[in-house]
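Engineer: Each chain, written out:
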Amino acid sequence: MKKYYTLLLLVGLALRPSVVAAQGVAAPLEIIDGYTNTPMEPAGKWHVHDPGRPQPEVITPGATFSQGAPAPSDAEVLFDGTGLAKWQSANGGPAAWHTNGDYVETAPRGGGIRTHGKWADFQLHVEWASPNPPRGTSQGRGNSGILINDMYEVQVLDSYQAKTYPDGQAAAIYGQSPPLVNASKPPGEWQTYDIIFESPRWNEDKKLIKQAVITVLHNGVVVQNHYELQGGTDGINGDVPYKTATKYARPHPPEVFIELQDHTNPVRFRNIWIRSLHLGSNL
Amino acid sequence: MRMHLKIILPGLLCLAALSGCASKTPVVVRSQALPAAAPVPAAPKPVEITINGVDGFQDTPLQPDGKWHVHDPARPQPPIVTPGTFSDQATPPSDAIVLFNGKDLSQWRDKATGGPVGWRVVDGVAVSAKGDIQTTNQFGDLQLHVEFREPTPPRGGGQGRGNSGVFLMGRYEIQVLDCYSNLTYADGATAGIYGQHPPLANACRPPGEWQTYDLIFNVPHFDAAGKLLTPAYVTVIHNGVVAQNHQAIRGATNWRVPGKYTPTGPTGPIALQYHNNPVAFRNIWVRPMPVNNEP
Numbered sequence: 005m006k007k008y009y010t011l012l013l014l015v016g017l018a019l020r021p022s023v024v025a026a027q028g029v030a031a032p033l034e035i036i037d038g039y040t041n042t043p044m045e046p047a048g049k050w051h052v053h054d055p056g057r058p059q060p061e062v063i064t065p066g067a068t069f070s071q072g073a074p075a076p077s078d079a080e081v082l083f084d085g086t087g088l089a090k091w092q093s094a095n096g097g098p099a100a101w102h103t104n105g106d107y108v109e110t111a112p113r114g115g116g117i118r119t120h121g122k123w124a125d126f127q128l129h130v131e132w133a134s135p136n137p138p139r140g141t142s143q144g145r146g147n148s149g150i151l152i153n154d155m156y157e158v159q160v161l162d163s164y165q166a167k168t169y170p171d172g173q174a175a176a177i178y179g180q181s182p183p184l185v186n187a188s189k190p191p192g193e194w195q196t197y198d199i200i201f202e203s204p205r206w207n208e209d210k211k212l213i214k215q216a217v218i219t220v221l222h223n224g225v226v227v228q229n230h231y232e233l234q235g236g237t238d239g240i241n242g243d244v245p246y247k248t249a250t251k252y253a254r255p256h257p258p259e260v261f262i263e264l265q266d267h268t269n270p271v272r273f274r275n276i277w278i279r280s281l282h283l284g285s286n287l
Numbered sequence: 204m205r206m207h208l209k210i211i212l213p214g215l216l217c218l219a220a221l222s223g224c225a226s227k228t229p230v231v232v233r234s235q236a237l238p239a240a241a242p243v244p245a246a247p248k249p250v251e252i253t254i255n256g257v258d259g260f261q262d263t264p265l266q267p268d269g270k271w272h273v274h275d276p277a278r279p280q281p282p283i284v285t286p287g288t289f290s291d292q293a294t295p296p297s298d299a300i301v302l303f304n305g306k307d308l309s310q311w312r313d314k315a316t317g318g319p320v321g322w323r324v325v326d327g328v329a330v331s332a333k334g335d336i337q338t339t340n341q342f343g344d345l346q347l348h349v350e351f352r353e354p355t356p357p358r359g360g361g362q363g364r365g366n367s368g369v370f371l372m373g374r375y376e377i378q379v380l381d382c383y384s385n386l387t388y389a390d391g392a393t394a395g396i397y398g399q400h401p402p403l404a405n406a407c408r409p410p411g412e413w414q415t416y417d418l419i420f421n422v423p424h425f426d427a428a429g430k431l432l433t434p435a436y437v438t439v440i441h442n443g444v445v446a447q448n449h450q451a452i453r454g455a456t457n458w459r460v461p462g463k464y465t466p467t468g469p470t471g472p473i474a475l476q477y478h479n480n481p482v483a484f485r486n487i488w489v490r491p492m493p494v495n496n497e498p
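Going line by line, the protein sequences match chains A and B.
Each residue of the first sequence is one higher than the one before, starting from 5 at the first, in my numbering.
Each residue of the second sequence is one higher than the one before, starting from 204 at the first, in my numbering.
Keep in mind that the hints were calculated from the coordinates and are not lab data.
Glycine included, C-beta positions come from ideal geometry on N, C-alpha and C.
Take the hints with a grain of salt, since some may be wrong.
[Unchecked claim] Stretch-level coverage of chain B by chain A, calculated; a stretch enters the list once three of its residues show a Cβ under 8 Å from a Cβ in chain A:
| no. | stretch |
| --- | --- |
| 1 | 281 to 287 |
| 2 | 349 to 359 |
| 3 | 398 to 406 |
| 4 | 446 to 455 |
The shape of chain A in the complex, shown without the other chains:
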């Protein structure tokens, strides 16, 4: 995000007192960017973008899961390397990102790209890779995002051996839900998101009757399990002020587009496909 102040944290001391004691050395000071002047999350324990929120456990994902997974027969292929016909720029013009072989790369400061198509409840497969060698830190390191309807963001970030506020790291629901674990791969390696999304619903009186719900597998590891979003993720739209608590301020039809974010870092994407889910047909 735009600017931070930093908070010094005795993270090592807090998390591994026995190790520290055994080694008889002071824990290193660690700097994690974030905010504590933001509103509290609904559970009342952490601020939005709180640098003190516990870092998710780091695990090593399997070498392979769904990398290169071909689309099922009922999926719509959104990008397979053969052009950006399914995409447009965020302001309606042609998608300006660069394709190269099987991938497309953000055009930093060229704006995001979004699909022409819209879907209500869906399964989405996306692969992405952070810049290698890595540049920057925290939110400045390989930042992009999967912006569902430009409102609900699954964060894309280089969180491999790189810390930021937990609700803003890779596979977080931005500003709301840290991933259950940090399953990041090193920069330059292809990573997968397999996402199940249920659109929010409003009734005719514009009263929210169903929250947006999301499940995310990051490199084959469940990192969001049927998480009910508190609303749009913040800082994205002018009517949802930056760093504020989130809510469902703007009713919209259940059919939503997919946008890949330009956050000024050159992030690559490949093998993107989506399939509608007819939820409730098996009850």
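Position chain B against the provided structure of chain A, taking the given hints into account.
Structural biologist: Then chain B, alone, in the frame of chain A:
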């Protein structure tokens, strides 16, 4: 499920046969039932019917929606989707417990006896035989990866073709069946929650090809009095296709009966079913689900 449809006995024995669904073999159940020929009201004989080429039942209880019977052959068939390859041979994450990696079944026991398993491991593949197996460990909320392969050439039809199952907490079955060019009642199809929820799609591969299940499971919760507080939930991705999305399970799955909860503790084993068909399994790993990061 346990009983093959063609061998159901009429009258009194049906009650015993029903209870036998959770037991080991139909033969044993019948011999146990014979001495108990007390004045029990005769249960009607199950009537298997065929609708549009689908075998099933309509003499079973209605599902809670009041629309379909358990194992109703008229219930719409899930749409067929041709899957791509997805998580085949997926390597386990570092926090996974490997339950079977092709070497042995040391993490498993025979479900009925607690003794050694009757399954054999041949060429890195475990093949169902003799009885159900279950893990020695117990698990709560989890992510589970399983790969299975149906017999080829296929034999039998309906529920008789490549039948097995993945039982979460030993009692909530995700059906394993060869539903590639094989019709069966929708709530008993591959990736269905047996007898309750058909899969959202039929994403079966042909027999002989490896298929994947990636499951997310949340255990049910009961209060101290045994009252259900929250049901179990399962998400099933079959060959990369979402077949169940955080679907609430209606209780322990069984043949010809709606799901029913009986209180359990917070954990249970993972079981794999032997249902008279030799179904092969490989690359099984589980991750106990981390608790949400202090929401």
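Engineer: If you check each hint against the structure, which ones fail?
Structural biologist: 2
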